[in-house]
Amino acid sequence: MAKLTINGAARSVDLSDEVPLLWALRDGLNMTGTKFGCGVAACGACTVHIDGEAVRSCQVAVGDVWGPVTTIEGIGTPEDLSVLQQAWIDNQVAQCGYCQSGQIMQAAALLAETPRPTDDEIDAAMAGNLCRCGTYPRIRAAIHDAAQKMQEA
Amino acid sequence: MSRIGKIARRSFLIGTAAVAGGVAFGVYAARRPAPSPLSPAEGEVALNPFIVIDRAAVTVIVPKAEMGQGVQTTWATLAAEELDMEPADLRIAHGPPGKAYYNRAMGTQMLPVANYRLSNWQENLGAQMAVAGKFLNLQVTGGSTSTADGFDKMRHAGASARETLKEAAARRLGVARSALKTQGGAVVAPDGSRLPYTELAADAAGIDPVTAELRPQNAWRHLGKSQPRHDQAPKATGTAEFSIDVRLEGMKFAALKRNPYQGGAMHGFDASEALDIAGVERVIDLGDGVAVVASNSWSAMRGAEAVRFDWGKGSYPETTEEMFAAFDTAMKGGANSTFLDRGDADTLPNGATEVRADYAVPYLSHAQMEPLCATALYHGDRIEVWSGNQIPIHCRAAAAEEAGLDPEAVTLHTPLMGGGFGRRGYTDFTRYAARLAVRMQGTPVQLLWSREEDMTHGYYRPGAIASFRGAVRDGRAVLLDGRISGQAATPSLVRMLLGFAPPGPDKGHVEGAYDQPYAIPNARISGHVAELDLPVGPWRSVGASVNGFFFDSFLDEMAHAAGADPLTFRLEMMKDEDPGSAAVLEAVREASGWTGRTPDGVGRGVAFCHSFGTPVAEVIEVHRTEAGIRIAKAWIAADPGLALDPGNIEAQLFGGMAYGLSAAVHQQITFADGAAEQQNFYDYDAIRMNTMPEVVDIRILQSGDGIGGIGEPGTPPAAAALANALFDLTGERARRLPLADQFDFVV
Numbered sequence: 001m002a003k004l005t006i007n008g009a010a011r012s013v014d015l016s017d018e019v020p021l022l023w024a025l026r027d028g029l030n031m032t033g034t035k036f037g038c039g040v041a042a043c044g045a046c047t048v049h050i051d052g053e054a055v056r057s058c059q060v061a062v063g064d065v066w067g068p069v070t071t072i073e074g075i076g077t078p079e080d081l082s083v084l085q086q087a088w089i090d091n092q093v094a095q096c097g098y099c100q101s102g103q104i105m106q107a108a109a110l111l112a113e114t115p116r117p118t119d120d121e122i123d124a125a126m127a128g129n130l131c132r133c134g135t136y137p138r139i140r141a142a143i144h145d146a147a148q149k150m151q152e153a
Numbered sequence: 001m002s003r004i005g006k007i008a009r010r011s012f013l014i015g016t017a018a019v020a021g022g023v024a025f026g027v028y029a030a031r032r033p034a035p036s037p038l039s040p041a042e043g044e045v046a047l048n049p050f051i052v053i054d055r056a057a058v059t060v061i062v063p064k065a066e067m068g069q070g071v072q073t074t075w076a077t078l079a080a081e082e083l084d085m086e087p088a089d090l091r092i093a094h095g096p097p098g099k100a101y102y103n104r105a106m107g108t109q110m111l112p113v114a115n116y117r118l119s120n121w122q123e124n125l126g127a128q129m130a131v132a133g134k135f136l137n138l139q140v141t142g143g144s145t146s147t148a149d150g151f152d153k154m155r156h157a158g159a160s161a162r163e164t165l166k167e168a169a170a171r172r173l174g175v176a177r178s179a180l181k182t183q184g185g186a187v188v189a190p191d192g193s194r195l196p197y198t199e200l201a202a203d204a205a206g207i208d209p210v211t212a213e214l215r216p217q218n219a220w221r222h223l224g225k226s227q228p229r230h231d232q233a234p235k236a237t238g239t240a241e242f243s244i245d246v247r248l249e250g251m252k253f254a255a256l257k258r259n260p261y262q263g264g265a266m267h268g269f270d271a272s273e274a275l276d277i278a279g280v281e282r283v284i285d286l287g288d289g290v291a292v293v294a295s296n297s298w299s300a301m302r303g304a305e306a307v308r309f310d311w312g313k314g315s316y317p318e319t320t321e322e323m324f325a326a327f328d329t330a331m332k333g334g335a336n337s338t339f340l341d342r343g344d345a346d347t348l349p350n351g352a353t354e355v356r357a358d359y360a361v362p363y364l365s366h367a368q369m370e371p372l373c374a375t376a377l378y379h380g381d382r383i384e385v386w387s388g389n390q391i392p393i394h395c396r397a398a399a400a401e402e403a404g405l406d407p408e409a410v411t412l413h414t415p416l417m418g419g420g421f422g423r424r425g426y427t428d429f430t431r432y433a434a435r436l437a438v439r440m441q442g443t444p445v446q447l448l449w450s451r452e453e454d455m456t457h458g459y460y461r462p463g464a465i466a467s468f469r470g471a472v473r474d475g476r477a478v479l480l481d482g483r484i485s486g487q488a489a490t491p492s493l494v495r496m497l498l499g500f501a502p503p504g505p506d507k508g509h510v511e512g513a514y515d516q517p518y519a520i521p522n523a524r525i526s527g528h529v530a531e532l533d534l535p536v537g538p539w540r541s542v543g544a545s546v547n548g549f550f551f552d553s554f555l556d557e558m559a560h561a562a563g564a565d566p567l568t569f570r571l572e573m574m575k576d577e578d579p580g581s582a583a584v585l586e587a588v589r590e591a592s593g594w595t596g597r598t599p600d601g602v603g604r605g606v607a608f609c610h611s612f613g614t615p616v617a618e619v620i621e622v623h624r625t626e627a628g629i630r631i632a633k634a635w636i637a638a639d640p641g642l643a644l645d646p647g648n649i650e651a652q653l654f655g656g657m658a659y660g661l662s663a664a665v666h667q668q669i670t671f672a673d674g675a676a677e678q679q680n681f682y683d684y685d686a687i688r689m690n691t692m693p694e695v696v697d698i699r700i701l702q703s704g705d706g707i708g709g710i711g712e713p714g715t716p717p718a719a720a721a722l723a724n725a726l727f728d729l730t731g732e733r734a735r736r737l738p739l740a741d742q743f744d745f746v747v
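Residue numbers (full-length UniProt numbering), protein chains in the order written: chain P, 1 to 153; chain B, 1 to 747.
I should point out that these hints are in silico values taken from the structure, not numbers from a laboratory. Check the hints yourself; a few may be wrong.
Covered stretches of chain P, going by a simulated chain B footprint (3 or more residues, C-beta under 8 Å) [to be verified]:
#, stretch
1, 20 to 30
2, 33 to 42
3, 88 to 94
4, 98 to 110
5, 129 to 143
Derived, one-sided and incomplete: chain B residues facing chain P with beta-carbon distance under 7 Å [what the hints assert, rightly or not]:
#, residue
6, Ala278
7, Glu370
8, Gly418
9, Gly419
10, Asn680
11, Ala686
Computed list of lysine-lysine pairs in DSSO-like fashion (alpha-carbon distance at most 30 Å, straight line) [to be verified]:
#, chain 1, residue 1, chain 2, residue 2
12, B, Lys633, B, Lys225
13, B, Lys633, P, Lys149
14, B, Lys575, B, Lys633
15, B, Lys575, P, Lys149
The beta carbon of each residue, even a glycine, is placed where N, CA and C say it ideally should be.
Turn these sequences into a full structure, and let the hints guide you.
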């Protein structure tokens with residue numbers, strides 16, 4: 001039974017240590033905001049933060065998690081949105097929405113490290129996150145928008 | 001009036017029914033053609049609500065698959081417009097399967113007439129076809145029809161609800177209904193006092209529904225303006241519930257494993273190694289595959305890979321080469337269709353220059369982000385199913401069949417979908433989940449397809465080949481003779497929906513080629529259908545996804561052979577044939593500042609396709625860089641007739657283009673030894689943030705001529721526009737997809 005800190009709370013998962021963090025979240029803890037898209041780190045839908053770093057949770061065994069985990073549920077809620085999530089809504093980013101948890105987690109890690117990213121920096125950071133609806137232009141706009149609002153705040 | 005006409009009228013009668021603490025407004029569903037449309041016999045009708053008002057809220061039922069196209073918000077806005085409410089104040093629910101939710105707009109698509117040439121009587125005939133017999137089961141989200149389908153229905157429901165609520169208020173206040181107004185979800189009395197709809201709902205349930213004229217367009221306050229989508233906050237916070245997110249008390253997680261030789265038999269399997277994997281609990285025989293049941297999806301998927309199988313072979317050719325050879329053979333045989341056959345396509349006109357080119361496109365997977373998945377719970381005498389699907393009545397029937405129950409014993413929930421693109425228009429993933437649940441009575445189980453399981457099984461977008469011969473003279477095309485061959489995408493779908501595949505010419509197979517608005521005096525498009533057993537089906541924009549590339553690429557080749565500017569060449573042949581299409585092409589010319597000339601290292605291509613009632617033109621600009629060719633910029637123009645939500649239409653257009661570019665650059669499903677070779681996104685890549693072009697401008701025109709589709713029409717021009725741009729950049733013509741096999745792109 002793995003013991004984790006998720007979104008600031010101590011949690012234990014009743015699954016074997018080799019199960020990837022993705023499935024510990026989704027199936028062990030019913031935290032379904034983090035999505036399964038490929039299982040091989042090729043799409044980014046399962047992106048979470050471990051110790052502030054964006055990682056593909058489908059590739060990290062729950063027994064190997066090296067620090068506190070932040071998931072999309074820890075970034076903000078519909079009642080208490082983060083600046084980044086508000087920018088996502090303001091820019092009407094999502095279409096099917098399935099990849100957006102991963103996109104937002106990746107973007108949050110980018111902004112934490114690079115508060116005013118250039119287009120090239122956005123390309124480099126976000127290239128691993130697939131969106132089959134093709135929402136990329138609005139993701140880019142939302143990241144720039146959030147960067148500006150975070151700096152004003 | 002014909003019987004069909006009576007049913008059509010009857011299906012628009014708004015009815016009411018009491019619900020707990022309130023009222024439902026909807027239409028009565030015809031179970032079978034009834035002698036009197038006005039007084040259906042007892043037991044023959046059920047109210048299928050579109051608007052439900054109780055003490056808590058006003059809820060709009062949107063019985064459509066929300067796959068990302070924004071249909072829920074647009075349908076809610078249609079109702080809100082007549083209800084005098086803010087769209088954001090409405091609750092939205094999908095609702096159960098219901099015959100009254102048949103897709104009225106889909107009938108028109110069954111007519112073998114180019115969409116841009118449809119006349120009013122033909123559109124009416126299409127609408128009548130849609131309500132006849134089995135078409136009442138067509139609660140289908142597809143064919144880019146949802147907005148056209150809901151445009152009248154939802155406004156009628158909203159208007160009737162509003163007037164009936166006013167009538168309830170009039171009776172309560174003892175004033176005339178005409179003395180009352182509505183505003184912000186309340187009836188406003190002459191003295192300014194307000195009676196919220198939620199307080200009037202119970203009264204309204206006892207009143208015969210009042211009908212009202214629909215408001216004219218110039219009185220609209222919401223329609224025509226971009227609306228904030230109601231699903232944005234849930235999707236930005238991970239709280240939106242997709243099929244894969246369904247969680248029930250005591251639920252087990254299962255993974256599906258089926259024969260990689262699609263349609264082949266399962267002669268036997270050995271599950272012993274799978275059962276040794278931690279977390280794996282059971283391996284259940286599903287007849288033509290197995291489900292591995294576990295405590296979590298990962299263990300289930302590992303277990304599925306550990307089962308050893310004795311698979312029978314499929315009954316289709318084992319390699320891509322053999323499949324395409326079969327297309328070749330079909331092309332040499334008789335034509336299945338010649339929907340376009342004008343002038344004399346056999347004779348080269350005097351003094352004209354002949355042009356010939358052959359093209360090929362591969363099989364494709366939909367690769368929607370959310371892998372296929374459904375959840376079911378079997379109770380013995382009833383079954384409950386959760387499945388993100390585009391065809392609820394058929395999914396309910398499939399679950400009923402698996403459980404040996406009547407459809408009424410099935411409760412089907414249709415959650416949000418993580419993309420669909422046509423793949424969710426089949427019942428297979430719902431059926432397997434139901435089959436598994438029947439073996440696990442009392443235990444809820446979620447059956448997931450791994451990405452590999454999803455990608456290695458159709459229904460694929462079929463591969464196809466084309467052979468075009470044309471002729472140009474004086475800067476114009478004077479002959480175009482195209483032969484198109486491949487598997488047909490739609491018969492498997494129609495067979496499932498209607499129980500039979502209509503014989504005769506297949507329109508879907510040649511859409512995007514036979515129906516384009518060009519005045520070419522001698523023109524013929526023949527479709528040659530190759531019958532293979534590989535499962536294929538609709539993929540965003542269906543036939544136009546294939547033929548948009550073939551047809552427009554060949555037009556570009558003819559333009560160059562004619563020494564004409566590619567955009568002007570198209571425009572000259574289009575302007576008298578269909579001014580609406582010409583206006584779209586003009587718009588993209590202006591938006592992109594098209595001159596026909598590009599500097600060194602820059603290439604531009606234009607393409608056009610009229611599909612699903614909407615003409616779309618795209619210009620793509622490519623740049624040569626040290627890292628390879630970059631798809632740098634894009635401009636789009638489209639005319640959906642009426643733009644109810646411009647912001648959402650833009651999203652569908654650039655998203656549809658990205659979907660087409662992904663396929664054009666990267667994607668193919670190939671076959672070796674009878675099995676699909678591609679497994680996952682590492683060998684089936686797509687456009688990403690760093691390879692998506694900047695969408696510089698999107699022009700939305702509104703001819704006001706009906707409502708065209710928008711979910712699909714952005715896709716067909718993308719591949720051709722890119723290929724034409726690559727020709728402009730390199731002088732090398734791309735006649736086969738994917739383009740990454742021929743060109744070195746930035747990745």
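Quick rundown of the hints versus the structure:
no.	hint	result
1	20 to 30	holds (count 8)
2	33 to 42	holds (count 9)
3	88 to 94	holds (count 5)
4	98 to 110	holds (count 5)
5	129 to 143	holds (count 12)
6	Ala278	holds (5 Å)
7	Glu370	holds (5 Å)
8	Gly418	holds (3 Å)
9	Gly419	holds (5 Å)
10	Asn680	holds (5 Å)
11	Ala686	holds (6 Å)
12	B:Lys633 to B:Lys225	holds (27 Å)
13	B:Lys633 to P:Lys149	holds (27 Å)
14	B:Lys575 to B:Lys633	holds (26 Å)
15	B:Lys575 to P:Lys149	violated (48 Å)
Hint compliance for this structure: hint 15 is the single one not met.
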